[in-house]
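For chain A, the structure is supplied; the task is to place chain B on it using the hints.
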Amino acid sequence: MEFLRPTTWAEALAAKADQPDAVPLQGGTDVMVEINFSVRRPPALLDLTAVPELATWSRDGDRYRIGAAVPYSTIIAELGGALPGLAQAARTVGSPQIRNRGSVGGNLGAASPAGDSHPPLLAAGAAVEVESRERGLRTIPAEEFYLGVKRSALLPDELIKAVRVERAAGPQYFAKVGTRNAMVIAVCSFAVALHPGERRVGTGLGSAAPTPRRALEAEEFLAAELDWSAPLEPALLARFGELCASAAAPIDDVRGTADYRRHAIAVLARRTLTWAWQDHLERRAA
Amino acid sequence: MRVTFTVNGREETAEDVWEGESLLYVLRERLGLPGSKNACEQGECGSCTVYLDDAPVCACLVAAGQAQGRRVRTVEGLAERGLDPVQEAFVESGAVQCGFCTPGLVVQAHDLLERVERPSDAEIREALAGNLCRCTGYEKILDAVKLAAERKAAAR
Numbered sequence: 001m002e003f004l005r006p007t008t009w010a011e012a013l014a015a016k017a018d019q020p021d022a023v024p025l026q027g028g029t030d031v032m033v034e035i036n037f038s039v040r041r042p043p044a045l046l047d048l049t050a051v052p053e054l055a056t057w058s059r060d061g062d063r064y065r066i067g068a069a070v071p072y073s074t075i076i077a078e079l080g081g082a083l084p085g086l087a088q089a090a091r092t093v094g095s096p097q098i099r100n101r102g103s104v105g106g107n108l109g110a111a112s113p114a115g116d117s118h119p120p121l122l123a124a125g126a127a128v129e130v131e132s133r134e135r136g137l138r139t140i141p142a143e144e145f146y147l148g149v150k151r152s153a154l155l156p157d158e159l160i161k162a163v164r165v166e167r168a169a170g171p172q173y174f175a176k177v178g179t180r181n182a183m184v185i186a187v188c189s190f191a192v193a194l195h196p197g198e199r200r201v202g203t204g205l206g207s208a209a210p211t212p213r214r215a216l217e218a219e220e221f222l223a224a225e226l227d228w229s230a231p232l233e234p235a236l237l238a239r240f241g242e243l244c245a246s247a248a249a250p251i252d253d254v255r256g257t258a259d260y261r262r263h264a265i266a267v268l269a270r271r272t273l274t275w276a277w278q279d280h281l282e283r284r285a286a
Numbered sequence: 001m002r003v004t005f006t007v008n009g010r011e012e013t014a015e016d017v018w019e020g021e022s023l024l025y026v027l028r029e030r031l032g033l034p035g036s037k038n039a040c041e042q043g044e045c046g047s048c049t050v051y052l053d054d055a056p057v058c059a060c061l062v063a064a065g066q067a068q069g070r071r072v073r074t075v076e077g078l079a080e081r082g083l084d085p086v087q088e089a090f091v092e093s094g095a096v097q098c099g100f101c102t103p104g105l106v107v108q109a110h111d112l113l114e115r116v117e118r119p120s121d122a123e124i125r126e127a128l129a130g131n132l133c134r135c136t137g138y139e140k141i142l143d144a145v146k147l148a149a150e151r152k153a154a155a156r
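Line by line, the protein sequences give chains A and B. full-length UniProt numbering applies: residue 1 is where the first sequence begins, and numbers increase by one. full-length UniProt numbering applies: residue 1 is where the second sequence begins, and numbers increase by one.
What the hints contain is simulated information worked out from the structure, not anything from laboratory work. Each hint should be verified, as a subset may be incorrect.
To be verified - Not everything, but these chain B residues come out facing chain A in the computed CB check (under 10 Å): (1) 92; (2) 93; (3) 97; (4) 111; (5) 153; (6) 154.
Said to hold, decoys possible - Just so you have them, the derived chain A footprint on chain B, three or more residues with Cβ under 8 Å: (7) 15-23; (8) 56-64; (9) 124-134.
Since the structure is predicted, the reported quantities are computational estimates derived from the model, not experimental observations. Cβ coordinates follow ideal geometry from the N, Cα and C atoms, glycine included.
This is chain A alone, in the form it adopts within the complex:
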């Protein structure tokens, strides 16, 4: 095995172009587990922790750009106000030690359907910046990024550079089902983001289909039916839950059954929309 340790982004892209089967290594919270258990023996590890620019975030007005290596602990400490959905999801990742190492970029690279970052990124309409030496930079909308279980639109010679997300225009919530509050891989998870200016509600389902995904029918239903100045109607809330559940395509596995996941998605969808709507009405009244 080779250990490649670029210290600039250009060197990192060159290393990935020259050796597309090198496995990018960031916080190690997924990759090192596979190596420790001999599940994976890649020909090379491409350590990205010495590329400084990946570990910083920046903003341009309402547009936030989070470097692929920014750890969850930084997102929690510094971006909770601007990106509440993502920060809430970050708080549920692993343990403090894991949050000090794990990053949104790594979550995207692993592309697990259970990754906690994905639902809030989908609900907020985030985009992923990827780059290769040969073709330069391209931006992939989050909803086009996930292609299958642990498969993404990232090409073999590309690296994830950053995630772009707009400052939350309205309330955002994330909720996750698991056996305890810490160290839990989601049984299923759900994110909601209100976009009051566009009279639109974004959604994201986690661990309930081969990929993280939006509940598009549920979003269209709310766009057509929601009265943005009134309390939520129980029938509308129930229908929203049903449509979110029907967007799921879950499996039975050790963490839960498909039926349970469908049920839980409906509950989480209703619950998070209720929280978000309460905030929305309070902000209108203020």
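Chain B alone, transformed into the frame defined by chain A:
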């Protein structure tokens, strides 16, 4: 490969390190620092918690090569001038049963008390959520962290 980094204030070099080797393996097997414990090897148990620069991390999930040029502080490094108040409090509170999880808990609790002077029970539980004690002596561990917090606050 060769990896050079600072451990408990001293520069150390490990030779013939396998590229997929963890920082934990290097600390225990190459540098003679067995304080950090090897248990789950998947970041679940916290027994191998060490400081990497200023953040506590699971050493089993850090590739050895990622430590190149960085600072590592292990549980051994907390006791350079006698026991740290956190270590003393663990002893006095009976927060040690079999002792296997203790080094990780000590480092993680040390970090908490560096950041929060008087943590609430909820904050302590949250901070230690990634450290498992199979003897399930959590109540005494909570007592120890609270005692250490009092001592440190009194010494300020």
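Evaluated hints:
For the restraint placing residue 92 of chain B at the interface with chain A, the shortest Cβ-Cβ distance is roughly 25 Å, beyond the 10 Å limit, so the hint is violated. Because the beta carbon of residue 93 of chain B sits about 21 Å from the nearest beta carbon in chain A, more than 10 Å, this interface hint is broken. The restraint placing residue 97 of chain B at the interface with chain A is violated, with a minimum CB-CB distance near 21 Å, outside the 10 Å limit. Checking residue 111 of chain B against chain A: minimum C-beta separation of about 8 Å stays under 10 Å; hint holds.
Interface restraint check: residue 153 of chain B against chain A, minimum CB-CB distance 21 Å, threshold 10 Å, status violated. About 26 Å separates the beta-carbon of residue 154 of chain B from the nearest beta-carbon of chain A, more than 10 Å, and the hint is not met. With 4 residues carrying a beta carbon less than 8 Å from a beta carbon of chain A, the segment 15-23 of chain B meets the three-residue requirement, and the given coverage holds. Only residues whose C-beta sits within less than 8 Å of a C-beta in chain A count toward coverage, and the segment 56-64 of chain B has 7 of them, enough to reach three; the restraint holds.
With 5 residues carrying a beta carbon less than 8 Å from a beta carbon of chain A, the segment 124-134 of chain B meets the three-residue requirement, and the given coverage holds.
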